[in-house]
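Working from the sequences, and respecting the hints, build out all of it.
Listed in order, the protein sequences are those of chains A and B. Note that the working numbering numbers the first sequence so that position 47 is 47, with each residue one more than the last. Note that the working numbering numbers the second sequence so that position 151 is 151, with each residue one more than the last.
Hints are computed from structural coordinates only; laboratory data are not their basis. A portion of the hints provided could be inaccurate.
One copy or two, either will do: identical chains are not told apart, so a pair holds if it fits within one copy or between any two.
25 Å max Cα-Cα, derived SDA-like pairs, lysine to any residue [as the list claims (entries may be wrong)]:
id: 1; residue 1: 177; residue 2: 9
id: 2; residue 1: 89; residue 2: 108
id: 3; residue 1: 110; residue 2: 122
id: 4; residue 1: 177; residue 2: 54
id: 5; residue 1: 89; residue 2: 137
id: 6; residue 1: 65; residue 2: 95
id: 7; residue 1: 65; residue 2: 146
id: 8; residue 1: 159; residue 2: 175
id: 9; residue 1: 110; residue 2: 35
id: 10; residue 1: 89; residue 2: 102
id: 11; residue 1: 159; residue 2: 78
id: 12; residue 1: 65; residue 2: 84
id: 13; residue 1: 159; residue 2: 13
id: 14; residue 1: 98; residue 2: 130
id: 15; residue 1: 159; residue 2: 131
id: 16; residue 1: 98; residue 2: 131
id: 17; residue 1: 159; residue 2: 43
id: 18; residue 1: 65; residue 2: 28
id: 19; residue 1: 159; residue 2: 133
id: 20; residue 1: 89; residue 2: 78
There are 2 protein chains.
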Amino acid sequence: MNFIDVILEEINNGNLNAEELLLSRGDFLCQPNQVHTKVYFVLDGSIRIFYVDDQEEHTIRFGYKNSFFAALDSFLNDLPTNYYMQTIKSSKLLAVEKSEFLNFIQSNVKYQEAYQALQQDLILQQMEREIDLLTASPIIRHQRVLERSPQLFQEIPLKYIASYLRMTPETLSRIRKS
Amino acid sequence: MNFIDVILEEINNGNLNAEELLLSRGDFLCQPNQVHTKVYFVLDGSIRIFYVDDQEEHTIRFGYKNSFFAALDSFLNDLPTNYYMQTIKSSKLLAVEKSEFLNFIQSNVKYQEAYQALQQDLILQQMEREIDLLTASPIIRHQRVLERSPQLFQEIPLKYIASYLRMTPETLSRIRKS
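As C-alpha cells, then:
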C-alpha cells in the first residue's frame, strides 16, 4: 500500500475532507510563532521549509509532487512552529485539518500501521539529517543526499538544495560537474 | 504513567525479560556496521552515543540514570548502525531484546499509546537537535540544551557535552562561567 495514494483516493471518495489550495510562487503557508497543524499533499509544484538563524535561512525540508508535508513540530505538539513554509513554484496543494487527519487514521487498523511506519521513517530521516549536518566534506554531504533523495535534484532548484546541503550554489554546481 | 517506571516494574515482576549488565568505564556496547537492536535501561552510570566523521568523534546522544537508549537506527530498521555506544562511567544496565520489547508493547493498549507518544517525542527531539546544529552562536546552542536537558549538566562530564554542542571544552567552560 502506498499511503499517499490511499489518502488521495479517500479524499477523492469524500471520506476525508481536504481543501484545495492554488498558490503562487513565493507564497507563505506559515511563519514562526504561528500554531500551524495542517497536513498538506502536493498535487503539483514544490515547497520548502526553512529555519532562520541570525538572519540566515536554512532550508531543512522540501515538499514536491506526490509527497506530503507539515510544520511537523507544530503538528506534533500543537505549539508554535519554528519554521517558514514557502512555495518554490506555483503549487496545487490539498490541506487537511489535523483532527480530521487523525480521525481518519484512527478509522482503520491498516492506516494506523502505515502512520506508525511513517513516524518511524521520520525518526530515521531526522537521524540521517543529523549525520549530514555533522559531515564535514561537501562532496560526501552531496553524495548522501543524492543517494537518499534522487528526486530532489529533478524537482528543486539548485540554490535551495545548496542551502539544504549547507554550501554555496557555486560549490554545489562544481561538485555536480566533477 | 511514567513509561520507564512501568517497564522497570514489569521487568521486576518477571513480565519482561531483561539481562543485567555491569560495565566498566569505556566499554563499548556497539560499533558501526553491527546490527544492534537491543533496548537499554540505565540503572546506574552513563553512556554516550557518537558518530565518527573523518576521524572526528561527534557525540549525538546520552543515556543516564533512569533513561533508556538504543542504537536507534539499527533498532528501527534492523540494518547496521552508524553509531558507537560507549560507557562514560562504570554502569549498570538492563538490556532487552527488540522482539521481546515489541511483544511487550503490543500486549497492552496503554503501552502502545506510550510507545506512540515516545516516537513522536523522538521526532521532536531530532528536530530540536537539527536546529541546534544549524545555530551558529555557541552561547545560544548552550542555552537551548540547558533549557531542554538540565539533567545533562549534572550527569555528564563537560568534555562530552562540549562535543555534543560542537564546541571545545574551553569554550563551554567560558560560556558556563559568564
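Hints that the structure is at odds with (numbers, increasing) = 1, 2, 5, 9, 10, 11, 13 and 20
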